[in-house]
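Asks: Spelled out, the chains give:
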Amino acid sequence: MTATLDRPRDATRALVTRSFATDRRARKDHPLWFLVPALVVLVVFFFIPTLFNFIYAFTNWSSFKTEIDFIGAGNFVDLFSSGALLTRLWITIVYAVLVAVFQNLFGLILALLLERDTRVNRAVRVAFFIPVIMSALAVGYVFQALLKPDGALNGILGFLLGREVDIAWLGSTTWTIVVVALIHAWKWMGLSMLIYLAGLKTISDDVVEAARLDGAGWWTTLRTIRFPLLAPAVTFNVATALLGSMNGFDIVQATTAGGPGGTTELVNIFIFRTFGQGLFAQATTMSLVLFLMVMILAFPVIRILRKREDVL
Amino acid sequence: MSTSTSERGRIRPVRVVQPIVAVLAAVVLLGVPFWIVVMTAAKDQASALRPDLRVPQEWHLLDNFATVITDGRMLAALGGSLLVMVPSVLGVLILGSMAAWILGRRSSRWLAVVYALAISGIVLPPAVVTIVLLLRQLGLAGTAVGMIGVYMGMYLSTVIFFVTGFVRTIPVELEEAARVDGASPVRVFAKIILPLLMPVLATATILICLYIWNDVFYALFVVGGRLDTLPLNLFQVASAGLYLQNWHLIFAYIILMSLPLLITFMIAQRKIISGITSGAVK
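Top line first, the protein sequences correspond to chains V and Z. Numbering-wise, our numbering puts 20 at position 20 of the first sequence, and it's gapless, one number per residue. Count along the second sequence starting at 1, add 1000, and that's the number in our numbering.
Any given hint might turn out to be false.
The calculated DSS-like cross-link candidates involving lysine-lysine, where the alpha carbons are at most 30 Å apart (straight line), are [stated by the list, open to error]:
1. Z:K1191 / V:K28
2. Z:K1271 / V:K201
3. Z:K1271 / Z:K1191
Pairwise CB distance ranges (calculated) [stated by the list, open to error]:
4. V:D205 / Z:Q1045: 53 to 61 Å
5. Z:T1070 / V:L51: 44 to 52 Å
6. Z:G1182 / V:W33: 38 to 46 Å
7. Z:P1013 / V:I296: 47 to 55 Å
8. V:D150 / Z:W1059: 20 to 28 Å
9. V:D214 / Z:A1268: 41 to 49 Å
10. Z:L1259 / V:G261: 32 to 40 Å
No lab work stands behind these hints, which were simulated from the structure alone. Source: prediction; values computed, not measured. We treat Cβ as the ideally placed atom computed from N, Cα and C, and that holds for glycine.
Could you build all of it, start to finish, from the sequences and the hints given here?
Replies: Okay, structure coming up:
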């Protein structure tokens, strides 16, 4: 082991871990029972419920009966034929994509705006991080008040335009999904901003300087040099925004509760609602569908995260 | 920074415009919502019916705080929040670090599978409905212990992921020295590894506190109606009769509930920000 000391760190790590596996002493020095408590908690509170998902989605478990019987794929057929399943899945995907786009766009613009290390910029950065630490539910209520037809936003618009404005921001069956996605992005853009700022810091000044000496303007430098070098930050931000919003609940529940007409009913809101109605099997089925959807989308994401694990 | 080096000698208009734009963005995007929260929280019920930008004629901020704390059962909710958050965070930090130490130091095909499964919870959503069923079978439904278990199951993955990466950067030689002196694995872990993990554990603590303190979705399923936490209480009072349209009370509640995290953040913002961003991108 000590022979590898003077190698570069990354190479050393691979060698050290490999030689450890074959080293019998390693077993005594790093006993496996250290894994046991964490694995017990994970198995009981994470894996068994997940396994249950695959079982109870095929039953008629509900609050109306004491017996739980297998009914095959009945829940899937019902949810599929009523359109409930595909509609909610589609709404959730649209929401997740909109959030990922807005959150990254705002985060990147803020990072570029606040890039220089001045006192004003540092203060503004801190301010934009406040929504991140606030409860999403609270953020939802704030925006519900702000966006009411007789709320403050319409008041401000009316003042600026000089006439009465009464747009129902949260009452459109087409556009409200965009509005709630914007609220979600508002809450989390401070985090994206920080990640982008950290990414911008890692770009060496020499590269940017060289481009500038070649006559490239701010925009060309950003588009051709800095943005490509931000790739890791983009991956991280997009992945977390997508996964976070697919699992979203609080903001939408607090602003629209799934309305109007169910057009903002995310999978999690559907699960919560059907669970509240005592339709446990239906809720379980939807929970399983969400699990499968995230898993399909998450495999590439996990690969990316694992590649970066030593960086994080 | 790069703008300054290339344009020596003359003041660029950007230097003047940028701070103005920055402050303006903060005022419009953050100032307006926060202004409404504080102003509405300071109004009486009649003038808070329509939350707007107006400054209250009489300030009722403290009265509203008092109403929320007494009628809104806020102290019980605060107790509930702390009751589930503190053990959950301590639990995931200790169990997660123990597991991560082994996963970071040893390697085999079997352990690679264990590691992949252990960190899968970072992306995979918890089975929120069947957790309730399982807790019933275990006799933990609606209890703080059940909630703590659920949170630990959800966030162990995050800790294991963060800490395993960090463990691998700690030279094994540091452990060797202690081992030569005859220290047991428990001792090596507690005396050598755990203190070295402090920076990464601090980051994990911040993240997990943020998640648990603000969680309402999982709490609704697991302890809803049985045990109050701050977000659960906010959800119940805001959606039930008492606070319907009582924006002054809802916003007073929101301010009080956000204060602990806000104060912590203001005190330690530099550390928190560098902790969260450190190495997220390289």
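Asks: Taking 47 to 55 Å as the stated bounds, is the beta-carbon spacing between P1013 (chain Z) and I296 (chain V) within them?
Replies: Because 50 Å falls inside the window, the suggested range holds.
Asks: Does K28 (chain V) lie within 30 Å of K1191 (chain Z) when you go C-alpha to C-alpha?
Replies: This hinted pair holds, its Cα atoms lying about 17 Å apart.
Asks: Using the Cβ atoms, figure out if D150 (chain V) sits within 20 to 28 Å of W1059 (chain Z).
Replies: 23 Å, holds
Asks: Given a hinted range of 38 to 46 Å, is it respected by the beta-carbon distance of G1182 (chain Z) and W33 (chain V)?
Replies: Since G1182 (chain Z) and W33 (chain V) have Cβ atoms about 20 Å apart, the given range 38 to 46 Å is violated.
Asks: Are the Cα positions of K1271 (chain Z) and K201 (chain V) separated by 30 Å at most?
Replies: 17 Å, holds
Asks: For the range 41 to 49 Å, tell me whether the beta carbons of D214 (chain V) and A1268 (chain Z) fit it or not.
Replies: Holds, since D214 (chain V) and A1268 (chain Z) (Cβ atoms, about 43 Å apart) stay within the stated range.
Asks: Using the C-beta atoms of L1259 (chain Z) and G261 (chain V), is the stated range 32 to 40 Å upheld?
Replies: Roughly 37 Å apart at Cβ, these two residues keep to the hinted range, so it holds.
Asks: Take the C-alpha atoms of K1271 (chain Z) and K1191 (chain Z), compute the straight-line distance between them, and say whether it is at most 30 Å.
Replies: 24 Å, holds
Asks: Does the hinted range 53 to 61 Å hold for D205 (chain V) and Q1045 (chain Z) at CB?
Replies: At roughly 57 Å between Cβ atoms, Q1045 (chain Z) and D205 (chain V) fall inside 53 to 61 Å, so the hint holds.
Asks: Take a look at whether the Cβ-Cβ distance between T1070 (chain Z) and L51 (chain V) falls inside 44 to 52 Å.
Replies: Since the Cβ atoms of T1070 (chain Z) and L51 (chain V) sit about 45 Å apart, the hinted range of 44 to 52 Å holds.
Figure legend: structure checked against the earlier numbered hints; the only hint not met is number 6.
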